[in-house]
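Got chain F sorted already, so can you dock chain V onto it with the hints?
2 protein chains.
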Amino acid sequence: MAQTAKRIVLASRPVGEPTAANFRLEDYPVPTPGAGEVLLRTIWLSLDPYMRGRMSEGPSYSAPVPVDGVMEGGTVCEVMASDNPAFAKGDIVLSHSGWQQYALSDGKGLRKLDPKAAPISTALGVLGMPGMTAYMGLLQIGQPKAGETVVVAAASGAVGSAVGQIAKIKGARAIGIAGGKDKCAYVKNELGFDACLDHRDPDLAARLKEACPNGIDVYFENVGGKVFDAVFPLLNFFARIPVCGLIADYNTIFGKDTPTPPWANAIMRAILVKRLTFRGFIVRDFDAKFPDFIRDMPQWLREGKLKHREFVTEGIESAPAAFMGLLKGANFGKQLVRVGPDKL
Amino acid sequence: MAQTAKRIVLASRPVGEPTAANFRLEDYPVPTPGAGEVLLRTIWLSLDPYMRGRMSEGPSYSAPVPVDGVMEGGTVCEVMASDNPAFAKGDIVLSHSGWQQYALSDGKGLRKLDPKAAPISTALGVLGMPGMTAYMGLLQIGQPKAGETVVVAAASGAVGSAVGQIAKIKGARAIGIAGGKDKCAYVKNELGFDACLDHRDPDLAARLKEACPNGIDVYFENVGGKVFDAVFPLLNFFARIPVCGLIADYNTIFGKDTPTPPWANAIMRAILVKRLTFRGFIVRDFDAKFPDFIRDMPQWLREGKLKHREFVTEGIESAPAAFMGLLKGANFGKQLVRVGPDKL
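Read top to bottom, the protein sequences are chains F and V. According to the working numbering, the stretch in the first sequence is residues -10 to 333, in order. According to the working numbering, the stretch in the second sequence is residues -10 to 333, in order.
Isolated chain F, as found in the complex (with noise of 0.2 Å):
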């Protein structure tokens, strides 16, 4: 008989914040692995907010996630057992398999991973998905000089960290916004930010002003809403802002026709009168850079110019309120799920 395992699947679409109704814990069988295929057992679980966009129908990067399907989202996992040469047992593969424990594949997609050369738990953020995304956003369309200013929301997340630290190693000065002291103090000490401003302060634009007395140069924007409010005035002539997220929004973006954001109001004019640019990405119109990153980014953990933080729940069973909580940035680094043991 086969073994039983656990998965997450979306119940229902919501509609603005998700709630817990909206996913199921599901049990199923452990799969077994036919012509080519290889059975993966996941150990790590990414949440990013890019999910609550796969929620929800309508256009968006990619396809939704239908309803009773399986939450997507990034994995590393063991392979237990093999009929693809590529794949022996016991790899440890960076593999897209979803909210579940375990999966098949054809193989198609995944990637090695050296336990050896980093923590395989990094593959899903500083050296995976969000470092790259901070990294390419960042060098590609921010492309911050030395001395300039940069300013990143969510700094102590896994994208913004990355941000803060890669716009200091090119000179530059940081200003991160995150939500409450201790985030505050963690990016400012710790991750060597010139300053970090918290965003539930009802001063925030007036702070923002002050850290920022030459104004600001890039805006790598995750957040949209409020913190937009603060930095649109402070944008300097000739700005560029990588629209990388606007997770400020994306209960209102994906749960109403017509979202009306008061902050999009006068962007034209901006954008005419002061020449900024405006310009959205996401992280896999850069694949072809990849090589790039994976040069720069391993040597900066190395050399401690990059440090990065994880914040773990246990259990795919946690995965939904993990999830809600980062929409709501109850994380505190790099939101994982730890799925299973290292080695069963």
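Be careful, since some hints might not be right.
All copies of an identical chain are treated as equivalent in the list; a pair is satisfied when it fits inside any one copy or across any two copies.
To be verified - In silico SDA-like links for lysine to any residue, alpha-carbon gap of 20 Å or less:
(1) 134 - 204
(2) 215 - 259
(3) 159 - 215
(4) 294 - 73
(5) 134 - 3
(6) 105 - 284
(7) 134 - 274
(8) 263 - 51
(9) 215 - 191
(10) 263 - 275
(11) 278 - 227
(12) -5 - 19
(13) 294 - 77
Just so you know, the hints here were simulated from the structure itself, not pulled from any lab data.
For chain V alone, kept in the frame of chain F given last:
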């Protein structure tokens, strides 16, 4: 006794749409050049939408014209007297001497024109600032590829007509938008655009969708307003939007503290999801590329690949009414004022 000349000064700052009361016709004595100076006699005055911005205070590219100051503008002038060794009596020069019949210059910023190479008025149009605006905005920011669809409004005007024709030279499809049947017929039949739509058509959005079956890859933004509304949903993934002007909104933008153009809503979401690039520019930003412009555009003009049309009013007194007409699209072609004859 000094000869008397005429000039137009800014009598008061407009609120919303400019009126005749915002301008004043004045007599003034023709000045005498001092050490190193030249006396310029205006032959052609260019009228351009950017001048609306100069009439108001508030952040824009440049300082506003002071109240009681001479309205600024590009001119083609004859040198009447010179104490500057770089210029001789009789030289024809490109200047920025404003809405007046005579002006002094220290020679800085003057460019000598060769009346045999091209009609001197083209230095204010297709071979001047508007032509260079089209060339740089389209090629440096829009970067149309063969087979892509380029849309431009104010398509019979100085900038728009060059944008579409350069797009065709580069192998792209060019769709124009203009005001009225005559302008649309000219854009399609004489300039060779693939189609031209009337922005007064109540079904503009539907007509544009029909004319762009593969969506829009480059939208050269001259106007904003309802044209942008029609364009916005048709923007393809990775579309580029050089933001050159927002003429439909100038009277709003420069007349209110908090413009709230309805078409700004949802811009940020589209930038993110479709990975759009919006980039504001003014032609001066590309001064370093002037050699490319002055190599290509006169050649295209000689080869008949680039056509242009001028819309001329007579006498400095006609400038205010012509400018107010320009803001409403009353001109058909590059708006010029013939201030004086080629030779006295």
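How the hints compare with the structure:
1. 134 - 204: Intra 14 Å, inter 36 Å, cutoff 20 Å: intra-copy only.
2. 215 - 259: Classified as both; 17 Å inside a copy, 19 Å across copies.
3. 159 - 215: neither (28 Å within a copy, 42 Å between copies)
4. 294 - 73: Neither, since 39 Å and 59 Å both go past 20 Å.
5. 134 - 3: neither (42 Å within a copy, 40 Å between copies)
6. 105 - 284: within (17 Å within a copy, 58 Å between copies)
7. 134 - 274: Classified as between; 18 Å across copies, 23 Å inside a copy.
8. 263 - 51: Between copies only: 11 Å across chains, 33 Å inside a chain, cut-off 20 Å.
9. 215 - 191: within (10 Å within a copy, 37 Å between copies)
10. 263 - 275: between (27 Å within a copy, 15 Å between copies)
11. 278 - 227: Between copies, since 18 Å is at most 20 Å while 25 Å is not.
12. -5 - 19: within (9 Å within a copy, 90 Å between copies)
13. 294 - 77: neither (35 Å within a copy, 63 Å between copies)
Of the numbered hints stated above, those contradicted by the structure are hints 3, 4, 5 and 13, listed in ascending order.
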